[in-house]
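S.K.: Sequence:
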Amino acid sequence: MNIKKIIFVVVLGLLANQLCAQEYIITKLGVKNDSTLLQTKAIQQVIDKAFAKGGGTIVIPKGTYLSGALFFKKKTKLRLQEGAVLKGSDEIKNYPFIPSRMEGQSLKYFAALVNAYQVDGFTITGPGEINGNGLKFWKQFWAGRDSVAKIKKTLTNLEVSRPRLVFIWGSNHVKIQNVKFRNAGFWTTHLYQCNNVLIENADIRSPFKPVKAPSTDGIDIDVCKKVTIRNCYISVNDDAICIKGGKGPTAHQMPENGMVEDVLIENCTIGNSHS
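Heads up, the sequence shown stops at 275 in the working numbering, and the numbers go up one at a time, no gaps.
Note that these hints are calculated values from the structure, not bench results. Some clues are possibly wrong.
Heads up, simulated DSBU-like pairs for lysine-lysine below, C-alpha to C-alpha not over 35 Å straight-line [what the hints assert, rightly or not]: (1) K108 <-> K226; (2) K226 <-> K247; (3) K87 <-> K136; (4) K108 <-> K73; (5) K136 <-> K108; (6) K175 <-> K212; (7) K139 <-> K53; (8) K73 <-> K49.
The structure presented is a predicted model; accordingly, all values stated were derived computationally and were not measured.
Go ahead and model the full structure; you've got the sequences and the hints to work with.
M.R.: Spelled out as structure tokens, the structure:
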């Protein structure tokens with residue numbers, strides 16, 4: 001390779017890094033600091049703009065922003081500044097019913113608040129908060145459970161329409177760092193078919209009072225490899241950390257299922273949780 005080609009490659013690399021480092025502060029791009037105004041479309045437009053320009057970090061500044069499902073795209077990332085709250089809508093209609101993965105099964109289900117599909121290098125960084133605003137969903141779950149109990153039946157998780165807080169699928173080199181996760185409607189963070197994952201200094205909480213937050217698993221690792229979870233605090237009304245690769249006696253025969261390998265969990269504090 002001659003010197004001109006080397007210079008050309010270096011310049012291209014620098015330009016690519018510059019694009020990925022670009023920040024898109026949502027309040028400078030049409031999103032209002034208003035906790036009562038649903039702004040899914042406006043926030044998604046910021047994500048789409050970053051993607052169209054080659055990538056960048058979507059920055060949520062101090063304030064509370066109400067949204068339905070958001071879909072991050074290649075070379076986009078999420079950062080929540082101090083005092084920032086990305087708050088999920090408590091209306092299930094704001095979470096599309098799409099191909100997904102739940103409880104070890106590949107099926108159609110409701111999108112999460114934060115979604116990333118095949119976004120290598122995806123990161124969520126704090127110190128801000130992602131809040132699922134889950135109270136309404138929890139009440140619906142317990143009301144449904146009480147109703148079917150009267151006729152001596154049981155209600156499964158999938159029979160109550162609830163969104164997860166974060167779902168990352170088919171992505172490599174994922175980092176979740178220094179973020180607060182609160183009040184998930186369903187599972188809090190779910191990673192499926194991801195490799196080289198780091199989750200550190202995450203603070204994950206869903207309450208037991210005054211209403212128990214059902215099935216709000218802290219971290220679900222599903223058919224993933226090379227995962228490190230460290231220095232996290234988790235207090236939820238279900239599994240703190242759950243490792244899974246499928247469901248049922250024939251799960252190993254299905255190509256969408258698989259092993260979970262090379263997982264390190266260290267220096268985590270588990271509060272009220274099932275396991």
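S.K.: Could you run down the list of hints and mark each one as holding or not?
M.R.: Comparing the hints with the structure gives:
no. : hint          : verdict
1   : K108 <-> K226 : 27 Å, holds
2   : K226 <-> K247 : 21 Å, holds
3   : K87 <-> K136  : 14 Å, holds
4   : K108 <-> K73  : 20 Å, holds
5   : K136 <-> K108 : 22 Å, holds
6   : K175 <-> K212 : 29 Å, holds
7   : K139 <-> K53  : 42 Å, violated
8   : K73 <-> K49   : 10 Å, holds
Checked against the numbered hints listed earlier, the structure breaks hint 7 alone; every other hint is satisfied.
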